[in-house]
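Engineer: Below, each chain spelled out in residue letters.
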Amino acid sequence: MIPPPLLELDALAARVPDGATVALPPDNSLCPVSLVRALIRRGVRDLHVIGVPVSGFATDLLIGAGAVSRLTTAAVTLGEAGFAPRFTVAMKSGALPITDATCPAVHTALQAAEKGVPFMPLRGILGSDLLASRPDWRVIDNPFSEEKDPIVLVPALSPDVALIHAVAADRAGNVWVGRRRELATIAHAAKTTLVTVERIVDGDLTEDERMAPGVIGALYVSAVAVAERGAWPLGVLDLYGADQKALDAYAREAKTEEGFRAWLSAHVYGPAARAAE
Amino acid sequence: MIPPPLLELDALAARVPDGATVALPPDNSLCPVSLVRALIRRGVRDLHVIGVPVSGFATDLLIGAGAVSRLTTAAVTLGEAGFAPRFTVAMKSGALPITDATCPAVHTALQAAEKGVPFMPLRGILGSDLLASRPDWRVIDNPFSEEKDPIVLVPALSPDVALIHAVAADRAGNVWVGRRRELATIAHAAKTTLVTVERIVDGDLTEDERMAPGVIGALYVSAVAVAERGAWPLGVLDLYGADQKALDAYAREAKTEEGFRAWLSAHVYGPAARAAE
Amino acid sequence: MATQEERLIAAIADLIAAPHPHPVRHAAVGAASPIPAHAVMLARHRGAEIRLSLLQRRVGNPFTEGTRELFDLAGQGRIDLFFLGGVQIDGAANINLLGTGDPPGSAARLPGNFGAPFMYFTVPRTILFREEHSPRVLVPKVDYVSAPGVSPRGTFRRGHAQALVTGRCVFTFDPEAARFTLASLHPGETRQSVREATGFEYDEAAELGETRGPSAEDLAALRGPIRAALEDTYPNFCARVFGAKAA
Amino acid sequence: MATQEERLIAAIADLIAAPHPHPVRHAAVGAASPIPAHAVMLARHRGAEIRLSLLQRRVGNPFTEGTRELFDLAGQGRIDLFFLGGVQIDGAANINLLGTGDPPGSAARLPGNFGAPFMYFTVPRTILFREEHSPRVLVPKVDYVSAPGVSPRGTFRRGHAQALVTGRCVFTFDPEAARFTLASLHPGETRQSVREATGFEYDEAAELGETRGPSAEDLAALRGPIRAALEDTYPNFCARVFGAKAA
Chain A
1 MIPPPLLELD ALAARVPDGA TVALPPDNSL CPVSLVRALI RRGVRDLHVI
51 GVPVSGFATD LLIGAGAVSR LTTAAVTLGE AGFAPRFTVA MKSGALPITD
101 ATCPAVHTAL QAAEKGVPFM PLRGILGSDL LASRPDWRVI DNPFSEEKDP
151 IVLVPALSPD VALIHAVAAD RAGNVWVGRR RELATIAHAA KTTLVTVERI
201 VDGDLTEDER MAPGVIGALY VSAVAVAERG AWPLGVLDLY GADQKALDAY
251 AREAKTEEGF RAWLSAHVYG PAARAAE
Chain B
278 MIPPPLLELD ALAARVPDGA TVALPPDNSL CPVSLVRALI RRGVRDLHVI
328 GVPVSGFATD LLIGAGAVSR LTTAAVTLGE AGFAPRFTVA MKSGALPITD
378 ATCPAVHTAL QAAEKGVPFM PLRGILGSDL LASRPDWRVI DNPFSEEKDP
428 IVLVPALSPD VALIHAVAAD RAGNVWVGRR RELATIAHAA KTTLVTVERI
478 VDGDLTEDER MAPGVIGALY VSAVAVAERG AWPLGVLDLY GADQKALDAY
528 AREAKTEEGF RAWLSAHVYG PAARAAE
Chain C
555 MATQEERLIA AIADLIAAPH PHPVRHAAVG AASPIPAHAV MLARHRGAEI
605 RLSLLQRRVG NPFTEGTREL FDLAGQGRID LFFLGGVQID GAANINLLGT
655 GDPPGSAARL PGNFGAPFMY FTVPRTILFR EEHSPRVLVP KVDYVSAPGV
705 SPRGTFRRGH AQALVTGRCV FTFDPEAARF TLASLHPGET RQSVREATGF
755 EYDEAAELGE TRGPSAEDLA ALRGPIRAAL EDTYPNFCAR VFGAKAA
Chain D
802 MATQEERLIA AIADLIAAPH PHPVRHAAVG AASPIPAHAV MLARHRGAEI
852 RLSLLQRRVG NPFTEGTREL FDLAGQGRID LFFLGGVQID GAANINLLGT
902 GDPPGSAARL PGNFGAPFMY FTVPRTILFR EEHSPRVLVP KVDYVSAPGV
952 SPRGTFRRGH AQALVTGRCV FTFDPEAARF TLASLHPGET RQSVREATGF
1002 EYDEAAELGE TRGPSAEDLA ALRGPIRAAL EDTYPNFCAR VFGAKAA
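Residue numbers (the numbering used here), protein chains in the order written: chain A, 1 to 277; chain B, 278 to 554; chain C, 555 to 801; chain D, 802 to 1048.
Rather than coming from a laboratory, the hints here were simulated on the basis of the structure. If you're wondering where the values come from, they're calculated on a predicted model, not measured in any experiment. Don't take every hint at face value.
Claimed, not checked - The calculated EDC-like cross-link candidates involving lysine to aspartate or glutamate, where the alpha carbons are at most 16 Å apart (straight line), are: (1) D:Lys942 / D:Glu990; (2) A:Lys191 / A:Asp141; (3) D:Lys942 / D:Glu1002; (4) B:Lys369 / D:Asp903; (5) C:Lys695 / C:Glu758; (6) A:Lys92 / C:Asp728.
Can you make the complete structure from the sequences, with help from the hints?
Structural biologist: Next comes the structure, spelled out in structure tokens:
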């Protein structure tokens, strides 16, 4: 029962291979932005990014940095800050192949992997152009219905790597994500789960009945790194809110390639950015 | 947003109609024994009891009291106290129709109801006599496989009533069950959820990020009653352990009809039993 | 004097209270939908017993199973009312959240489908809301169907659009005919002005009145207790519509 | 001097460490299986890196998603080793947890299938364990197949029984032949005594030695640190097998 290793942030980023299928939580759900910055610094390439179920700031950074070769997601948005600028540019230029989805289908695909079944059904979707664009989905007649009852089957999705940010890890490698249970589903479904945390805590989180319900158990966790304020400029539950000014500034500046490069220089490559991590 | 009503225990029991399909958690998972005793006092009849995923002490009481007309479960046991005596007698006499299951199939059936899909697939089971005994299950060929790949489909199960015991309820009707997330699944899947709790707490459990992960939200809760030590002789998380002596005594005494009646007199109908609730 | 936003809020609150085979006990509203959220709160203030789940609140949101719970709730049939919009809406109530052009998204790419392809089927009442009422939004045929307005018989579907509320009018929707009917005009609009701004065909109610605005009591509630309840969730909207915060 | 239980623990620990295409990184053990739990702990004490999940511990169990998590873990392929028994086991490694007679359960009804019909397929290594070794347990054909020992090609199955450990001997299992082979005899047993106590047909290893018992270091570990670690989970077993608790 060796616990998952506690690494430096850059060493954690080094565990994401080029070409991997990488699942990322949405902006409001413990998104590991520090880790994404470290990935950009290491020059990661050719990622297939999965938005669980939607994508935002972190994915827009990766797209802008040229690290994404395919995107599967139900939507890409910066929320109140508006459209995701590098995503918008990439879609306009046709440079980024996208596999559109819908939120519950992303959850369903991950839950199928979580349960170890090859597919799960999902209501709705019939008659949409989304369905027409997903040859990997199937429509069957519900075998339990006397009458014709078509239903969509979504195949299981097991990402190579899940990247998540958590509030805390204990020394056994258990991590606490609170009510964001979709992060647990990502970790259960993924082959490898890399976690940044705000801090390391003493004791065993699974031994505390009050904390245990919000824990992802160590057996799903491949490695951990500490990244204080590791979701910035996004927020973490009630620990800190999103930095709306920083997000608004990004949404404005990153509309141009030049502005995006300047943002990277200041916040990803700059000595201040490195020192902050 | 009227919260679910806070009732007396007997009034809660009155909300379980005769003939209902009733889901009960296992002995180690916040089983509402006080409520089951109240049901027996009110003379409930003709229940179809679902063990989620297995059955124990509470179900044995209901069987002995003649309240059960069908049982669907993956197993019936008193754990360390041994076989469930009234179940064993009922099986021997052939008086109790049983639909055997397997633990993950019970979870799968409830999760299908939780997601609002008519079925979910499940691995394993093929070639077992269990499968042969479940004409309500289907085997299809996995539509995503090139090669022959038979897989079982389990239909969704939506109990009429879920009966659960929780650590606490707040005044909005949110209840805290901690890591026993299968209770949340039961509540999500059931049409009506009746909850006994150890105590009522101030504040809103969903507003506390530390408590929220263990909460079943009020919108799933139909009514609440306070039942202190409401799982006795079973235990509740780290609040109190199972009363092994009481369970051993029950397992011994309830082997005969006479002994079971004596147990009911002392612990269900007796004035002391009523006064304790 | 009511603002345009307050009028739209009142119009939607009227639709929530309108006779309908499926009563609203639970409405869910997304982060980008302040007007629908205020409408649900106004309907409650007027006496309807409705649970309102505000999605994506950072602190204290009602869900304890992550973002999946909303969709599970809808799948269970526990959400009675949801709001959808789109970059395009057509006369059969098809909605497009993805983008325009051929291929879709080549002219303008929007964020994406979100949960619409699922919610439009599983929630029994949908109110379509799009403030911009122009021929580029209300089109004869959407460039991309995120979710269809109607489905063939034999398709699992709990309901359809109840109505479409725009900055100019209220349309009701008849799923049997797969057509909208102009039901009321906002102040300053005419049959003609709506006809010119609408790219799809629709019917007109014989009696075509003005959309009922908010009462004095509605306005007091919106600017007082409802604002107080929603200010944390929609700070920018509240500041813009209701003015600077009272100290 | 080792007790019978300590010998069985050592025999199972040897099986866990035996060469096998699927290494054990994570074993799950149920509440009713103290001997397998101690065997995993002994294998760890001997140096294997194995995570042990003790199911149904009231406090501090490793699962945070309720009882479902065990089965999800197995479905994901994250449990490498599980232990199963049965009221009957036959020569093709079919197991019966439900009951005997015709119809099954009419002669003796056991608790039921639990997770066996799923776990036997999804966990790559199963060690069958039943202390009673008699013709009524080890039968030619089980009265009820809770889970089959082998499956036709094309059936999703990660593995099979690795071995069957009883109070008399160790059998290994060959899923290709669907047959057991007597691999070692516990002290005091002979080829003949096992043959007479076994209701199913099986093969015999050419070299048939005595089941290796626990070493002095094994015994010290079992009676010291392993007991200390498992005492809370299996109090009755520890008191019976290891004697009164040291103060």
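Engineer: Now tell me if each hint is right for this structure.
Structural biologist: Status of the hints after comparison with the structure:
For the suggested pair Lys942 (chain D) and Glu990 (chain D), the alpha carbons sit about 24 Å apart, so the restraint of at most 16 Å is broken. A hinted pair counts as satisfied when its Cα atoms are at most 16 Å apart, and Lys191 (chain A) with Asp141 (chain A) does not qualify at roughly 32 Å. About 10 Å separates the Cα atoms of Lys942 (chain D) and Glu1002 (chain D), which keeps this hinted pair within 16 Å; it holds. Proximity of Lys369 (chain B) to Asp903 (chain D) is assessed by CA-CA distance (about 12 Å); at most 16 Å being required, the pair is judged to hold.
Using a Cα cut-off of 16 Å, the hinted pair Lys695 (chain C) and Glu758 (chain C) is violated, with the two alpha carbons roughly 20 Å apart. Restraint check for Lys92 (chain A) and Asp728 (chain C): the C-alpha separation of about 37 Å exceeds 16 Å, so the hint is violated.
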